[in-house]
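Given the coordinates of chain A, assemble chains B, C and D with the ligands onto it according to the supplied hints.
For reference, the chains in residue letters:
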Amino acid sequence: MFDDLRELYQEVILDHSKHPRNFRHPDDANHEAHGYNPLCGDTLNVYLKMGHNGLIEDAAFEGKGCAISLASASMMTEIITGKTETEAKVLFDGFQKLVKGEEATIDAGDDTERLMVLAGVKEFPMRVKCATLAWHAMSSAMDGEEEASTE
Amino acid sequence: MFDDLRELYQEVILDHSKHPRNFRHPDDANHEAHGYNPLCGDTLNVYLKMGHNGLIEDAAFEGKGCAISLASASMMTEIITGKTETEAKVLFDGFQKLVKGEEATIDAGDDTERLMVLAGVKEFPMRVKCATLAWHAMSSAMDGEEEASTE
Amino acid sequence: MNDMTTFDVEKIRKDFPILSREIHGMPLAFLDNGASAQKPKAVLDAIEKAYDHTYANVHRGVHYLSQASTELYEGARETIRAHINAASLDEVIFTKNATESINLVADSYGRANLKEGDEILLSTLEHHSNIVPWQLIAEKTGAVVKAVPIDEHGEFMFDTYLEMLGPKTKIVAVTHISNAIGTITPIDEIISAAHDAGAVVLIDGSQAAPHMQIDMQAIGADFYVFTGHKVFGPTGIGILYGKEELLDKMPPYQGGGDMIRRVTFEKTTFAKGHSKFEAGTPPIVQAIGLGAAIDYVNTIGFDKIGPHEQSLLAYATEQLGQINSVRIIGQAKQKASIISFTMEGIHPHDIGTIVDRGGVAIRVGHHCAQPLMDHFDVAATARASFAFYNNRADVDALVTAVRGVQEFFG
Amino acid sequence: MNDMTTFDVEKIRKDFPILSREIHGMPLAFLDNGASAQKPKAVLDAIEKAYDHTYANVHRGVHYLSQASTELYEGARETIRAHINAASLDEVIFTKNATESINLVADSYGRANLKEGDEILLSTLEHHSNIVPWQLIAEKTGAVVKAVPIDEHGEFMFDTYLEMLGPKTKIVAVTHISNAIGTITPIDEIISAAHDAGAVVLIDGSQAAPHMQIDMQAIGADFYVFTGHKVFGPTGIGILYGKEELLDKMPPYQGGGDMIRRVTFEKTTFAKGHSKFEAGTPPIVQAIGLGAAIDYVNTIGFDKIGPHEQSLLAYATEQLGQINSVRIIGQAKQKASIISFTMEGIHPHDIGTIVDRGGVAIRVGHHCAQPLMDHFDVAATARASFAFYNNRADVDALVTAVRGVQEFFG
Ligand SMILES: Cc1ncc(COP(=O)(O)O)c(C=O)c1O
Ligand SMILES: Cc1ncc(COP(=O)(O)O)c(C=O)c1O
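Chains as they are written, first to last, in the numbering used here: chain A, 6 to 156; chain B, 6 to 156; chain C, 7 to 416; chain D, 7 to 416.
Bound-form chain A, shown alone (with noise of 0.2 Å):
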């Protein structure tokens, strides 16, 4: 019975989960938003310190959420830490092409293989919004914007 559940919870995304990277709200965030999945009542918040041009020198988060949704988010995290907001945008189309199932892979050069760990999600249509909760609330963050929903 766990074979293609094996897909979706890869070891990395367990490992996120239970052990989520920049989960705290940095002193110096310049940029936040409230991420709310009306599916499941799951909600996080996502920090970020923008300096010139654009580039994201600190994303940090916090909340509850699944093992999907935790796990994206510290990915995400993760990856677009050092990257330009236009950067992390395209990122996050990307990544919900992906995993959409719109999109068979992704090109993220160096960050493709981290990105692609998430793929199995588009089995899983349900959980498509887990997946994508922490991005939209990132993207949000960037935008001004205070709320983020996945509806």
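Because the hints were derived from the structure by calculation, they are not lab data.
Check before you lean on any hint, since a few could be wrong.
[To be verified] Among the chain C residues that face chain A by a calculated CB cut under 7 Å, a handful are: (1) R66; (2) V68; (3) Q73; (4) R267.
[Claimed, not checked] Derived pair list, reagent style BS3-like, types lysine-lysine, alpha-carbon separation capped at 25 Å: (5) A/K105 / C/K278; (6) C/K55 / D/K146; (7) A/K69 / C/K278; (8) A/K127 / A/K102; (9) D/K174 / D/K55; (10) D/K278 / C/K55; (11) C/K273 / D/K17; (12) C/K174 / C/K249; (13) A/K102 / C/K278; (14) D/K278 / C/K121; (15) C/K146 / D/K255; (16) B/K105 / B/K88; (17) D/K273 / C/K152; (18) B/K94 / B/K69; (19) A/K94 / C/K278; (20) D/K152 / D/K121; (21) D/K121 / D/K174; (22) C/K255 / D/K146; (23) C/K55 / D/K47; (24) A/K54 / A/K127; (25) B/K127 / B/K23; (26) C/K146 / C/K255; (27) C/K121 / D/K174; (28) A/K88 / A/K105; (29) C/K47 / D/K273; (30) B/K69 / D/K278; (31) D/K278 / C/K146; (32) C/K255 / C/K273; (33) D/K55 / C/K20; (34) B/K102 / D/K278; (35) B/K54 / B/K88; (36) B/K102 / B/K88; (37) D/K121 / C/K273; (38) C/K278 / D/K174; (39) D/K273 / C/K174; (40) D/K20 / C/K121.
Idealized CB from N, CA, C, for every residue including glycine.
Relative to the frame of chain A, chains B, C and D with the ligands by itself:
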């Protein structure tokens, strides 16, 4: 195709519907009620002259309707004239049971035969309200209500 | 009888199991489509499958059946969106019938936008479902309901309409096709004049959806409603199309599960998009069935359906016209395949009962359009309404039966 | 597994085609009945027959099919009236779901009877569908919504309720059974205390109707609602029971065809009885399907269903209780066969996805009861809910799957 229909539309009925008796508005009527069938929009007024001890001295009607409702109204005015209020209500009760098919016959003394003419209505449940419209109005008129409807 | 070259009505009739029934020993001639249409096998199969193969409640569920059910349900929304060419899925709201769609707009849009003295323009052609909801909201807000008159043929009086339109007009709600007499109204002109006057427009497409292609981009109405059971779908489902920018600003109509974002006793926030207007467990299987009905109709195509129905209408009009006592009520230039008539000295209810014995199902009564009946000074009419699966034999059965009525009462 | 002597669950399961499905190669253990129940073959057959044998619109029609359809539709009303022991047919109103039933009462009764400062008492157990409609009408009338709290076991706090009841209390609206945690509330006492205080009572019976006999004369609520799809009937149909003397005085809710007496642009009058609240073409076939569902359930009998479900509940509670990480949420003394639980360190959504691969369908999330979730300080739970067609094998599948979850994340 017409066999069953002859049961419903007996000669007597066609005759009453084409030449309704007591189709008039008596000046000395002291009770009247408006009958309305919301299913077809038909309306008719029943006029009664009630004398001592609840005696119906005169009964008449005016209005529009289908063959069944006109014939039923016409025959009713003939039958109830000379009866008491109580007798008329007992007749109404029996007549309703007859056309709804709840009783196979009606025991109405001399009027039995005339009322049985409408017994065919029981095979046409959607027409029961046509057959009883005037009777409802008659009953409302006696009770001092202005409106009757077959709802 | 080869009605059209590429349109094989006899083949189509086989898709509708009920059409092969006999009624009182006579073949059924079902000419009561204006009240509700029959369902093709494809719809019955889709319903059965939705229940015995993938049934579960939609949304919120992560288990397989819930997911499968959700995909079918939301897939039906996309089928309808594509069919009516709505700009987005959020513009397609599932309701229980056209009546609820109109009530939703009247209550939600009306309450938020109407004030004392504002005017709501309807027409004398309207079905009660496009009258009473407006009367109810008018009573609550102090707005006034007015009706654009029709002429002796049953045509919408466009010039009078232009005179009635004014700065007080906030809402125009008009039928696309009259259910009682078949008049097709000039909705393009009605809508653009209303928009020029600053009013929003609701079109009641309940009778149009079964007879013609309806394209929201071409029509440009702010709201457009129709009902599932008249477009060969199940009962218990209706459609409200609304422009997204209007829907976004409207308050919710009913409250409950599925239409919320977050509920606390202190403060509740609402979902966005179509969800805001779909409270509680939706008509899941009915939506799926409606999707199957639309798919089925599109395999035939309104380009074929239109001419076939018009030829039936012409044939029936000509044939009934030859019967002395028959008077056809409503003779607009543009008509859908609906004929209302009365017979000299014979009440419509008697007509209905008698033709029924000939297997002919027509509707008799006021057709939920009493103001229209009042206009023609009748309490009721007999109405034959044709769908694409009707054939000339159905018309012949009707004509024979009506002649029989004349004979019977003659 | 012989659950009971005269109750043969294996035989009953054969009446439900979907129960023999495999999901991901595993036999389906459908434990999401609280969200919506499966349909017996008898219901599917009744639906099919209503469409392919006697379909036409109801009321107003004199032709054969219309008459047949009307008889089936009104026959279903009588089936339901008898089942719930309502005093008259006019007390049984067909709606689209329980949510609409509650909205109807909130809007119609509420608008006519609530004023600034009046109080509506709910409880923390309520489903969003029994919260949001009251918030909407409270906002419109200036009334105030208050919630009777529950204790740590999930029990309705009756003493606090008595304190909260007062002269300002106009409406009490409480669930009969909590959909999220299964608590059965003491409705008899709730109702009589409310009546003593002069308030009317609506009971949300959405979760009670599938599990127990509900008798309107014994219960004595002013309004009682439930939803068709949870009592083994179709989607798209709900029931509102209301006492006739209250319904008579209430204004109509939606306007349209069928609910009127006479329509003119000057003045419209409304039908009496249940018709006043049934605007537009009703969910004809859904009502017929619901009647068939009720007939089916009654062939089994709630006297048999109750003990069977309670034995499943006891068994599941005991088995799940043996799993270390499992915490059962809601342990009221009187419970229906619904178990909510969480697992230490594992999110309900992950539980749901994993057990699904074992063929086990449970619901995970907030169950449209966010105030209740807030009370237990969780965002979501996993919920297994049992119907009479569930068996011990279903419980075993659940327990095995939950153990698998623990192992998987262990
Ligand atoms: C207790 C309770 N009330 C109300 C409802 C609403 O029912 P529906 O969604 O069918 O309107 C539900 C189910 O969703 C419920 O469990
Ligand atoms: C023109 C028109 N509008 C509205 C309706 C109402 O549709 P429904 O009864 O399905 O709500 C009908 C049909 O009854 C109709 O013909």
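Going through the hints against the structure:
1. Because the beta carbon of C/R66 sits about 6 Å from the nearest beta carbon in chain A, less than 7 Å, this interface hint is met.
2. Interface restraint check: C/V68 against chain A, minimum CB-CB distance 4 Å, threshold 7 Å, status holds.
3. Because the smallest distance between the Cβ of C/Q73 and any Cβ of chain A comes to about 5 Å, under 7 Å, the interface hint for this residue holds.
4. The interface hint given for C/R267 is met, as the beta carbon of that residue sits about 5 Å from the closest beta carbon of chain A, less than 7 Å.
5. With a C-alpha separation of about 21 Å, the suggested pairing of A/K105 with C/K278 holds against the 25 Å cut-off.
6. A C-alpha spacing of about 43 Å is found between C/K55 and D/K146, which places the hinted pair above 25 Å, so the restraint is violated.
7. Annotation: proposed proximity of A/K69 to C/K278 holds, straight-line Cα distance about 23 Å (limit 25 Å).
8. The straight-line distance between the Cα atoms of A/K127 and A/K102 is roughly 9 Å, inside the 25 Å bound, and the hint therefore holds.
9. At roughly 51 Å between alpha-carbon atoms, D/K174 and D/K55 are farther apart than 25 Å, so this suggested pair is violated.
10. Distance check on the hinted pair: D/K278 and C/K55 sit about 39 Å apart at the alpha-carbon level, beyond 25 Å; violated.
11. For the suggested pair C/K273 and D/K17, the alpha carbons sit about 48 Å apart, so the restraint of at most 25 Å is broken.
12. Taking the CA atoms of C/K174 and C/K249, the gap is near 22 Å; set against the 25 Å cutoff, the hint holds.
13. Distance hint between A/K102 and C/K278 is fulfilled; the C-alpha atoms sit about 22 Å from each other, no more than 25 Å.
14. Taken as a hint, the D/K278 and C/K121 pair is broken in the structure, with Cα atoms around 30 Å apart against an allowance of 25 Å.
15. Straight-line distance between C-alpha atoms of C/K146 and D/K255 comes to about 18 Å, which keeps the hinted pair within the 25 Å bound.
16. Annotation: proposed proximity of B/K105 to B/K88 holds, straight-line Cα distance about 24 Å (limit 25 Å).
17. Proximity of D/K273 to C/K152 is assessed by CA-CA distance (about 12 Å); at most 25 Å being required, the pair is judged to hold.
18. For the given pair, B/K94 sits about 24 Å from B/K69 by alpha-carbon distance, which is consistent with the 25 Å threshold.
19. Of the supplied pair hints, the one linking A/K94 and C/K278 holds, its CA atoms being roughly 23 Å apart against a limit of 25 Å.
20. Using a Cα cut-off of 25 Å, the hinted pair D/K152 and D/K121 holds, with the two alpha carbons roughly 15 Å apart.
21. Taking the CA atoms of D/K121 and D/K174, the gap is near 10 Å; set against the 25 Å cutoff, the hint holds.
22. For a cut-off of 25 Å, the pair hint linking C/K255 to D/K146 stands: about 18 Å separates their Cα positions.
23. About 12 Å separates the Cα atoms of C/K55 and D/K47, which keeps this hinted pair within 25 Å; it holds.
24. Of the supplied pair hints, the one linking A/K54 and A/K127 is violated, its CA atoms being roughly 31 Å apart against a limit of 25 Å.
25. A distance of roughly 22 Å separates the Cα atoms of B/K127 and B/K23; the hinted pair therefore holds under the 25 Å criterion.
26. With a C-alpha separation of about 20 Å, the suggested pair C/K146 and C/K255 falls inside the 25 Å cut-off, and the hint holds.
27. Between the alpha carbons of C/K121 and D/K174 the distance comes to roughly 31 Å, so the proposed pair goes past 25 Å and is violated.
28. Taking the CA atoms of A/K88 and A/K105, the gap is about 24 Å. The hint holds against a cut of 25 Å.
29. Between C/K47 and D/K273 the CA atoms are separated by roughly 43 Å; this puts the pair beyond 25 Å, and the hint is violated.
30. Pair hint B/K69 plus D/K278 holds up; C-alpha atoms about 23 Å apart against a cutoff of 25 Å.
31. Among the hinted pairs, D/K278 with C/K146 is consistent with the structure: their alpha-carbon atoms are about 21 Å apart, no more than 25 Å.
32. Note on C/K255 and C/K273: the hinted pairing holds, with a Cα-Cα distance of about 19 Å set against a maximum of 25 Å.
33. Between D/K55 and C/K20 the CA atoms are separated by roughly 17 Å; this keeps the pair inside 25 Å, and the hint holds.
34. At roughly 22 Å between alpha-carbon atoms, B/K102 and D/K278 fall within 25 Å of each other, so this suggested pair holds.
35. The straight-line distance between the Cα atoms of B/K54 and B/K88 is roughly 12 Å, inside the 25 Å bound, and the hint therefore holds.
36. Proposed proximity of B/K102 and B/K88 is supported: the alpha carbons are some 20 Å apart, at most 25 Å.
37. Straight-line distance between C-alpha atoms of D/K121 and C/K273 comes to about 20 Å, which keeps the hinted pair within the 25 Å bound.
38. For the suggested pair C/K278 and D/K174, the alpha carbons sit about 35 Å apart, so the restraint of at most 25 Å is broken.
39. Taking the CA atoms of D/K273 and C/K174, the gap is about 22 Å. The hint holds against a cut of 25 Å.
40. Restraint check: the Cα-Cα separation between D/K20 and C/K121 comes to about 59 Å, which exceeds 25 Å; the hinted pair is violated.
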